[in-house]
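Chemist: Single-letter residue listing:
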Amino acid sequence: AQSVAQPEDQVNVAEGNPLTVKCTYSVSGNPYLFWYVQYPNRGLQFLLKYITGDNLVKGSYGFEAEFNKSQTSFHLKKPSALVSDSALYFCAVRDSLYSSASKIIFGSGTRLSIRP
Amino acid sequence: KAGVTQTPRYLIKTRGQQVTLSCSPISGHRSVSWYQQTPGQGLQFLFEYFSETQRNKGNFPGRFSGRQFSNSRSEMNVSTLELGDSALYLCASSLSRDLYEQYFGPGTRLTVT
Numbered sequence: 001a002q003s004v005a006q007p008e009d010q011v012n013v014a015e016g017n018p019l020t021v022k023c024t025y026s027v028s029g030n031p032y033l034f035w036y037v038q039y040p041n042r043g044l045q046f047l048l049k050y051i052t053g054d055n056l057v058k059g060s061y062g063f064e065a066e067f068n069k070s071q072t073s074f075h076l077k078k079p080s081a082l083v084s085d086s087a088l089y090f091c092a093v094r095d096s097l098y099s100s101a102s103k104i105i106f107g108s109g110t111r112l113s114i115r116p
Numbered sequence: 001k002a003g004v005t006q007t008p009r010y011l012i013k014t015r016g017q018q019v020t021l022s023c024s025p026i027s028g029h030r031s032v033s034w035y036q037q038t039p040g041q042g043l044q045f046l047f048e049y050f051s052e053t054q055r056n057k058g059n060f061p062g063r064f065s066g067r068q069f070s071n072s073r074s075e076m077n078v079s080t081l082e083l084g085d086s087a088l089y090l091c092a093s094s095l096s097r098d099l100y101e102q103y104f105g106p107g108t109r110l111t112v113t
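Chains as they are written, first to last, in our numbering: chain A, 1 to 116; chain B, 1 to 113.
Honestly, the hints are just simulated from the structure, not real lab data. Treat the hints with care, as some may be off.
In the DMTMM-like style, the derived pairs of lysine to aspartate or glutamate whose C-alpha atoms are separated by at most 20 Å in a straight line are [claimed, not checked]:
id	chain 1	residue 1	chain 2	residue 2
1	A	Lys22	A	Asp54
2	A	Lys77	A	Glu64
3	B	Lys13	B	Glu101
4	A	Lys58	A	Asp85
5	A	Lys49	A	Asp95
6	A	Lys49	B	Glu101
7	B	Lys57	A	Asp54
8	A	Lys77	A	Asp9
9	A	Lys58	B	Glu101
Calculated Cβ distances over 10 Å to all of chain B for the following chain A residues [claimed, not checked]:
id	residue
10	Ala14
11	Gly16
12	Pro18
13	Glu66
14	Lys69
15	His75
16	Ser84
17	Ser102
18	Gly107
19	Ile114
Think of the CB as a built atom: it goes at the ideal place given N, C-alpha and C, for glycine as much as any other residue.
Hey, can you work out the whole structure from these sequences and the hints?
Modeler: Structure follows, in structure tokens:
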């Protein structure tokens, strides 16, 4: 069975500093990994995905994530945080893109708070 | 291009009642998925529809059902509401069954009293 863990409920970072939001996963086959962001009273917005290829994936709003197969991790990163990055971030995994038996599993979410 | 729309945005129902939520995907998108978001359980997959057929289903009781119409609009229904059904229900659409770029609607906030 697949699973995803976000070990930190909250991450606090000063504006301008680098940020990391952690995610680890477990799947039986190849992992397909995603990051989403949720702003208050809004749905989720897609940030980036890892399907195959380069381990460093670049996404929206200056975010990037590094796929590490040996550590089964997919941490979200940004070199310089903005106050507007404050939101709830979800990591997600699925073990197939096309199988009718494949479901997407979301982590519990990490609240990112950027202080001015 | 308009985004995913969900109606209503807010809903208050009483235990035992039933409710129907509606989702209109982005024009041209044929896949619609539904999710339940609660503080305790987080984001959980409910079901996925593609071309009017349910392709996948999460671990929810039979009180939760859905359907998709020929124009790709989707509805989900919850019968015999329980207090624990209070949640934000999110709909997401994607162009095909290639689900990795899903576009989410703002959600319907359901409160069961």
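Chemist: Take the hints in turn and mark each one as holding or not.
Modeler: Checked hints:
For a cut-off of 20 Å, the pair hint linking A:Lys22 to A:Asp54 stands: about 19 Å separates their Cα positions. Taken as a hint, the A:Lys77 and A:Glu64 pair is honoured in the structure, with Cα atoms around 5 Å apart against an allowance of 20 Å. For the proposed pair B:Lys13 and B:Glu101, the alpha carbon gap of about 33 Å is over 20 Å, so the pair is violated. Of the supplied pair hints, the one linking A:Lys58 and A:Asp85 holds, its CA atoms being roughly 16 Å apart against a limit of 20 Å.
A distance of roughly 13 Å separates the Cα atoms of A:Lys49 and A:Asp95; the hinted pair therefore holds under the 20 Å criterion. Between the alpha carbons of A:Lys49 and B:Glu101 the distance comes to roughly 8 Å, so the proposed pair stays at or under 20 Å and holds. Pair hint B:Lys57 plus A:Asp54 does not hold up; C-alpha atoms about 32 Å apart against a cutoff of 20 Å. Under the criterion of a C-alpha separation no larger than 20 Å, the hint pairing A:Lys77 with A:Asp9 is consistent with the structure, at around 16 Å.
Taken as a hint, the A:Lys58 and B:Glu101 pair is honoured in the structure, with Cα atoms around 14 Å apart against an allowance of 20 Å. For A:Ala14, the shortest C-beta to C-beta distance to chain B comes to about 27 Å, beyond the 10 Å cut-off, and the non-interface label holds. With a minimum CB-CB distance of about 30 Å to chain B, A:Gly16 clears the 10 Å threshold, and the non-interface call stands. Consistency note on A:Pro18: stated as away from chain B, and its beta-carbon is indeed over 10 Å from all of that chain's, at 26 Å minimum.
The Cβ of A:Glu66 sits about 18 Å from the closest Cβ of chain B, beyond the 10 Å cut-off, so the non-interface label holds. Against the 10 Å criterion, A:Lys69 stays outside the reach of chain B, whose nearest CB is about 18 Å from its own CB. Even its closest Cβ contact with chain B, about 19 Å, leaves A:His75 beyond 10 Å, as expected for a residue assigned away from the interface. The Cβ of A:Ser84 lies farther than 10 Å from every Cβ of chain B, with a closest approach of about 19 Å, so its non-interface assignment holds.
Chain B draws A:Ser102 into its interface by the beta-carbon criterion, the shortest separation being 7 Å against a cut-off of 10 Å. Here A:Gly107 does not stay apart from chain B, with its beta-carbon only about 7 Å from theirs, under the 10 Å limit. The Cβ of A:Ile114 lies farther than 10 Å from every Cβ of chain B, with a closest approach of about 22 Å, so its non-interface assignment holds.
The structure shown violates the earlier hints numbered 3, 7, 17 and 18.
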